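*Asks:* Listed here are the chains, written in short residue letters.
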Amino acid sequence: MKIEKLLHKLQAFFDTERHKKRQHVQELKKILLKLKKKERKITHALQQADDDCLIRRYQTELEVIRVQRKKGIEVLHQLKKLKKT
Amino acid sequence: MHKVLLLIVIPLLSYGFWLSDEFKGIAAGVSIFLFGMLSLEQGFKAFTGGALERILQKTTNTSWKSFGFGFLSAALMQSSGLVSIITISFLSAGLLDLVAGIGIIFGSNLGTTTGAWLIAGLGLKVNIATYAMPLLVFGVLCVFQNSKQLKGAGYILTGLGFLLLGIHYMKESFEHFETTINLANYAMPGVKGLLIYTAVGIIATVIMQSSHATMLLTITAVSVHQITYDNALALVIGANIGSTITAIIASFGANIQGKRLAGSHLLVNLLTGIIVLLFIKQFGSAVDIISENLGIAASDSAMKLAAFHSLFNLAGVILFFPFIHQQVLLLERIFIEKRPAIFKPKYLDPSAMDFPETVVESVRLESIHLYENAIHIILHTFGLRKHDLQKNDLLKQLIGQNNHTIEYDIDAVYERRIKGIYSAIIAFISQADFTWKMDQSSKLSWLREANKHLVEAVKDTKHLQKNWSRFRTSANQATINEYNKIAYQLVLHIQQIENFRHEIENNELPLLSLDALKAIIKNDDMQMNRAIETLIRKQQITPETGSSLINDSTYMYSIKKNLLKAAETLFLSKDTSAAKVEQQLALNEVEINDVIQAVDTPSMHQPDR
Numbered sequence: 001m002k003i004e005k006l007l008h009k010l011q012a013f014f015d016t017e018r019h020k021k022r023q024h025v026q027e028l029k030k031i032l033l034k035l036k037k038k039e040r041k042i043t044h045a046l047q048q049a050d051d052d053c054l055i056r057r058y059q060t061e062l063e064v065i066r067v068q069r070k071k072g073i074e075v076l077h078q079l080k081k082l083k084k085t
Numbered sequence: 001m002h003k004v005l006l007l008i009v010i011p012l013l014s015y016g017f018w019l020s021d022e023f024k025g026i027a028a029g030v031s032i033f034l035f036g037m038l039s040l041e042q043g044f045k046a047f048t049g050g051a052l053e054r055i056l057q058k059t060t061n062t063s064w065k066s067f068g069f070g071f072l073s074a075a076l077m078q079s080s081g082l083v084s085i086i087t088i089s090f091l092s093a094g095l096l097d098l099v100a101g102i103g104i105i106f107g108s109n110l111g112t113t114t115g116a117w118l119i120a121g122l123g124l125k126v127n128i129a130t131y132a133m134p135l136l137v138f139g140v141l142c143v144f145q146n147s148k149q150l151k152g153a154g155y156i157l158t159g160l161g162f163l164l165l166g167i168h169y170m171k172e173s174f175e176h177f178e179t180t181i182n183l184a185n186y187a188m189p190g191v192k193g194l195l196i197y198t199a200v201g202i203i204a205t206v207i208m209q210s211s212h213a214t215m216l217l218t219i220t221a222v223s224v225h226q227i228t229y230d231n232a233l234a235l236v237i238g239a240n241i242g243s244t245i246t247a248i249i250a251s252f253g254a255n256i257q258g259k260r261l262a263g264s265h266l267l268v269n270l271l272t273g274i275i276v277l278l279f280i281k282q283f284g285s286a287v288d289i290i291s292e293n294l295g296i297a298a299s300d301s302a303m304k305l306a307a308f309h310s311l312f313n314l315a316g317v318i319l320f321f322p323f324i325h326q327q328v329l330l331l332e333r334i335f336i337e338k339r340p341a342i343f344k345p346k347y348l349d350p351s352a353m354d355f356p357e358t359v360v361e362s363v364r365l366e367s368i369h370l371y372e373n374a375i376h377i378i379l380h381t382f383g384l385r386k387h388d389l390q391k392n393d394l395l396k397q398l399i400g401q402n403n404h405t406i407e408y409d410i411d412a413v414y415e416r417r418i419k420g421i422y423s424a425i426i427a428f429i430s431q432a433d434f435t436w437k438m439d440q441s442s443k444l445s446w447l448r449e450a451n452k453h454l455v456e457a458v459k460d461t462k463h464l465q466k467n468w469s470r471f472r473t474s475a476n477q478a479t480i481n482e483y484n485k486i487a488y489q490l491v492l493h494i495q496q497i498e499n500f501r502h503e504i505e506n507n508e509l510p511l512l513s514l515d516a517l518k519a520i521i522k523n524d525d526m527q528m529n530r531a532i533e534t535l536i537r538k539q540q541i542t543p544e545t546g547s548s549l550i551n552d553s554t555y556m557y558s559i560k561k562n563l564l565k566a567a568e569t570l571f572l573s574k575d576t577s578a579a580k581v582e583q584q585l586a587l588n589e590v591e592i593n594d595v596i597q598a599v600d601t602p603s604m605h606q607p608d609r
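If you read the sequences in order, they're chains B and W.
Everything in the first sequence is counted per the working numbering, starting at 1 for the first residue and increasing by one.
Everything in the second sequence is counted per the working numbering, starting at 1 for the first residue and increasing by one.
Be aware that a few hints might be false.
[To be verified] From the derived model, a few chain B residues whose C-beta atoms are all more than 10 angstroms from chain W:
no., residue
1, 2
2, 3
3, 4
4, 5
5, 9
6, 11
7, 18
8, 19
9, 30
10, 51
11, 54
12, 56
13, 77
14, 82
[Said to hold, decoys possible] Now the in silico label distances, taken between C-beta atoms and shown as ranges:
no., chain 1, residue 1, chain 2, residue 2, range
15, B, 36, W, 394, 42 to 52 angstroms
16, W, 550, B, 36, 20 to 30 angstroms
17, B, 37, W, 580, 20 to 30 angstroms
18, B, 21, W, 550, 47 to 57 angstroms
19, B, 50, W, 387, 20 to 30 angstroms
20, B, 40, W, 390, 42 to 52 angstroms
21, W, 17, B, 50, 42 to 52 angstroms
Read the hints as simulated data drawn from the structure, not as lab findings.
The structure displayed is predicted, hence computed values, not measured ones.
C-beta: ideal position from N, C-alpha, C; glycine also.
One chain only, chain B, in its complex shape (with noise of 0.2 angstroms):
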């Protein structure tokens, strides 16, 4: 039983399409977390601006980066459902 399971892992270790789709999760957490830490430093610049014309600028920006990290979750939550099955 436990070198079914070892081979198990190595096989899984060295099917390159399932190396891919890892790396593939994890360049999205990745981008997820970029997207995140933007979020709050275009949140802040946004508390700061005074000007019509910038807060609207961070509005859109910050919109922009809300629906892209829906998107994100989105996709990462297929890859998951795909690594399940």
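With chain B's structure known, arrange chain W on it following the hints.
*Replies:* Frame of chain B; chain W shown alone:
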């Protein structure tokens, strides 16, 4: 260099004004005179391609016709200086070529000698300064008319008025000099006297800005035997050389052709003066013979002086008139036209042509060079430099502070900073892209498109500049605010593209930042149009100004879009694994529109402030 000179001249002038009222009058005279020149030039420009050009072409299409034109004009106006000024204006406006201009100068040199005959014969001097006031009144009246021709005529009349007024001021201020120059006290025989009196004639004419004034002094002095006849001849020679000063002053405000003409005037009069000085005895004898034939009494030195004036100017015409074309060549060598330094490509090396990847990279780097130049032009249009983009808090205040923005000639800068590089890139790409495999060929094609976007952005900036310069000084604050908003939004956009470049360097999701920039551009455009409509509805701006604003906001939108497209191609690499993942999260057109709508609706997810 010019700025340093200005810093020296201003305190010197100020000190001079404080020191002497006469100096103030002379300086004001020169300024009014030069302003008249500018006005005259503007007036003649209004007739370019019209009737005046046809008349001038017909009356100056041969050297002899030009000579006749100059002779008649100077005889009628009684001022060779004025004729040379007008000719310089014609040249600067492109209505005449240099050969015709020099022909006119020869004619006016001879034509102006009729003045000496009038002074000596009739004791009459036509005082052209008295015409200044009516010329100014009629001129200004015409300037306010709508017709282009009338406006042009107005500028010509005003220009002439200012010229005469300037001369008048100078003469008034020199009045005490005229009274203090007592020629009788300084009579001198021989060669020494000849040279010194020539110099005196030059200086007196330069100071009084009129050879007629020197002639008047000389003829009066010689007629009452205050000076010897020989000294008087030298004074006339000096006056003739000194009379070129008017053209020299006028050429300061003229282009290179005007400077060449003033150079020709000085050259001819100086050489004629030297020749006449060398053969003064022969000329004296010739004047005696001519005077005898004309029935002038041997003792009538005044009339003989007038004959001498005509004779030596005629000698100048005979000696130098046949060599006009040689003169033009010489002047073109002396006065070399400074061409603007044209920016040349830095990275396009023909030896790289055998290496497809190198060619693509060279074109990309050269395109970035073009991008930098395009950004320089756009920022400069609004009075900014690239380093100003870092001054976040001051950006709004800095826009348009620099008054040079109004005079910023985008066409000229385009020729200097864009055209050469753009043409070189296009030529380089067209030599390369036929022979290569698909990948490099399509990359080059994208780069060509990016360059096209940059050129379009600069051209749109030129269109935008027209109204930006016009309306930023408008009496309507709402209009000024909207134009400042246009400029501010554009500058912010460039700042964001620069940030986008840093994001690429630091790998901070540049591809996803593009979405935000695209959404911001669209949102700005929508908000701008909405604001303009509101201003028109509330009657805070006229519909005419509103339509200009809408057009200019469209230019702004186009500039932003073109810059972004170019930046996307030039700076962003979509081949990395991170970029491929980012692409999954990038928004499509519909999603971007949804974002704009979400921001626009009050119920959007706003962070706590």
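*Asks:* Taking the hints in turn, state whether each one holds.
*Replies:* Each hint tested on the structure:
no. : hint                                 : in the structure
1   : 2                                    : 35 angstroms, holds
2   : 3                                    : 35 angstroms, holds
3   : 4                                    : 33 angstroms, holds
4   : 5                                    : 31 angstroms, holds
5   : 9                                    : 25 angstroms, holds
6   : 11                                   : 24 angstroms, holds
7   : 18                                   : 16 angstroms, holds
8   : 19                                   : 12 angstroms, holds
9   : 30                                   : 8 angstroms, violated
10  : 51                                   : 7 angstroms, violated
11  : 54                                   : 8 angstroms, violated
12  : 56                                   : 7 angstroms, violated
13  : 77                                   : 13 angstroms, holds
14  : 82                                   : 14 angstroms, holds
15  : 36(B) <-> 394(W): 42 to 52 angstroms : 32 angstroms, violated
16  : 550(W) <-> 36(B): 20 to 30 angstroms : 40 angstroms, violated
17  : 37(B) <-> 580(W): 20 to 30 angstroms : 21 angstroms, holds
18  : 21(B) <-> 550(W): 47 to 57 angstroms : 51 angstroms, holds
19  : 50(B) <-> 387(W): 20 to 30 angstroms : 24 angstroms, holds
20  : 40(B) <-> 390(W): 42 to 52 angstroms : 23 angstroms, violated
21  : 17(W) <-> 50(B): 42 to 52 angstroms  : 48 angstroms, holds
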